[in-house]
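Visitor: Those protein sequences? They're chains A and B, same order as listed. Mapping of the first sequence onto this note's numbering: residues 9 to 391, in sequence order. Mapping of the second sequence onto this note's numbering: residues 9 to 391, in sequence order.
Derived from the structure by calculation, the hints contain no laboratory data. Given the structure is predicted, the values throughout are model-derived calculations rather than measurements. Yeah, the Cβ is synthetic: ideal placement off N, Cα and C, and Gly gets one too. Honestly, I wouldn't trust all of these hints.
Unchecked claim - Which residues of chain A face chain B? A few of them, derived with a C-beta cut under 7 Å, are:
no. : residue
1   : K54
2   : G56
3   : Q94
4   : Q122
5   : V237
6   : G239
7   : P267
8   : T268
Here is what each chain is made of, one letter per residue.
2 protein chains.
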Amino acid sequence: MSASAIREILKITQQPDIISFAGGLPAPELFPVEDVRRATDNVLTKYGPAALQYSTTEGHPPLRQWIGSRAGIPAANVQIVTGSQQALDLLGKILISEGDTVLVEAPTYLGALQSFQPYGPNYVQMPTDDGGIDLDALEKILKTTPAKLLYAVPNFQNPTGRTLNAERRRRLVELTGQYGVLVIEDDPYGQLRFTGEAAPSLYELGLEYAGDVDSSHIIYCSSFSKTLVPGLRDAWVQAAAPIISKLVQAKQGADLHTPTLNQMIVTELLDDVLPRQIETVKKAYGERAGIMLGHIKQQFPGGVEYTTPEGGMFLWVTLPQGLDSTQMLVRALTRNVAYVPGSPFFALGGGENTLRLSYSSATPEQIETGIKALGETIREAMD
Amino acid sequence: MSASAIREILKITQQPDIISFAGGLPAPELFPVEDVRRATDNVLTKYGPAALQYSTTEGHPPLRQWIGSRAGIPAANVQIVTGSQQALDLLGKILISEGDTVLVEAPTYLGALQSFQPYGPNYVQMPTDDGGIDLDALEKILKTTPAKLLYAVPNFQNPTGRTLNAERRRRLVELTGQYGVLVIEDDPYGQLRFTGEAAPSLYELGLEYAGDVDSSHIIYCSSFSKTLVPGLRDAWVQAAAPIISKLVQAKQGADLHTPTLNQMIVTELLDDVLPRQIETVKKAYGERAGIMLGHIKQQFPGGVEYTTPEGGMFLWVTLPQGLDSTQMLVRALTRNVAYVPGSPFFALGGGENTLRLSYSSATPEQIETGIKALGETIREAMD
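So that you can see chain A by itself, here it is in the shape it has in the complex:
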């Protein structure tokens, strides 16, 4: 099943009687609508027509400044993009030539596969477990395969909800450094940790490893989509100057610049609204994850495994071998519950018995009813 097949299923799941754990939508009831209204008003007063004019490809300077200073790097090493998805497209465009080996987690973020695909990568899958990428397996791959790029979502990964542990992060940065592999660290969820302790980002470790921001082999992508709102499409990349300079050129050809007004609105919300939103969203997702895990424990039959995320929006279910989550989806829909089958998240296939559940935008009642229905669906499929 392709990405577009999933889109079609997601359309069905938008019917009001379906409880959908399929989408990856942030909870809309938490959006700071009134703050966006006020911020827009302020921005139009402060900047006037300049808020609606063309602007620089690199991005709104105060926004780049803020991101840079938070990361301890110059604003010059920050490129604003139209959603993290654009970061992946542009990085694919400037870094991947036909046939280049690209290392991806198994499973990995589907949207990254979609962004990279037009540039003709040769995917190699890195096995993963509850601690993230299996570094011994990675080292074996690197010994035999000259790879160009490694793509990873180290925090609360989409689709598994797993986090790469601190020890493995250091080893990953060192290994890729030694073997001359560029790393794209995709981190949309990092700020949404609701339990456990944060590990340093690959990017931070990469700065230590390289000793200098412009020699680092780690490229960091993050976004305001999951912390503030997704509909403004504001995200960014942190990278060494030579990569930023290619990104600027690619972005100029791709959409000239990210909408001016949107960047100014986000900038207006950074100091006051963003920290408050992060707390609100973390708390809500933590509660929802807890409720979902509680019901899964009660409702799912033995032999079904699942991850326990420490943040983010997703958890990952592994059915007993032989079950096919794509086939099971039709049965689930007749019980008015939806999920995304896991198989499309594998670049080279596999994972037919896996599925992704999102708890971010469901109410406690929906979670209870939906997980019960899904438990029944699984039992029925196991019979």
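Starting from the structure of chain A, add chain B where the hints point.
Guide: Below, chain B alone, put in the same frame as chain A:
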């Protein structure tokens, strides 16, 4: 000189003491700032969090509906994009394979060359004159060269300000139809005609020629950037269903969707503000073009040729053979006036003695002073 060199020059020309005819910026003093404020307010009240949530890749349905009905086609044949520049990037991605022949006007829009470049086109230049593309020359090219794509800006072209005449439009649609060449009609300025009579678009003629919206070989791109405001980045593509379907996939990988809020703001402005803005902008640009042409007539020495645009934002100057407009630019800057040298607008080089002037965002005083300074610069260079 590359596109990025031009960007660097444009940075210099942003210094306040320079009169710049170099930029392609719409006049900011005409932007409907208060209308955008009101529209944002309405949208946030009407849609609430949905205005800030992820939305469909195809675009906001009411906006697609409006565009479709104005063009007399179903909304399904309309794809919303993040600025026309994204249309060019995505069309390049889905239509151009390494080595495909792409026919472009000589000169052509620089941004299109930049968008197509990563996909490895083999450019063939179509000669142009004051009536637009030379159709006899095009027919000769088509007889010997199997081309995949033709890219043209038929109305008030960037950079020349020239318009493809009605008779040639029919012949272009027929010729490309016969030879199986897809056409991208890039039309950001079409609504900004301040004199003369509008010719039918290639897209309209393509519908007649094909007899059916889903068989047409003409792909039409336009934008709200020049009629409303550019900073929201809202534009669209009209095309046959098989092309739209590939565009949707490519756009999903490129940025998921155009910002939700921005599409809703534009939709809010369609009935009331857009028609008023078009009248305001047309009138202003017509006046400014007239003033610039008047001063050019007085100030430029004999032997200098220039176009007389019927709309849009640009006119095109041809210096006597042997003069180099890139070299002359430094001299012009010392007289505090700037333009864009013409040479980078030629896909395969040439046009060293040409330059582009934009009149859209200059005051009458700036035009008078700037054109006088430019006339002196040219005289000096001719000595």
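Visitor: So which of the earlier hints does this model not fit?
Guide: 1
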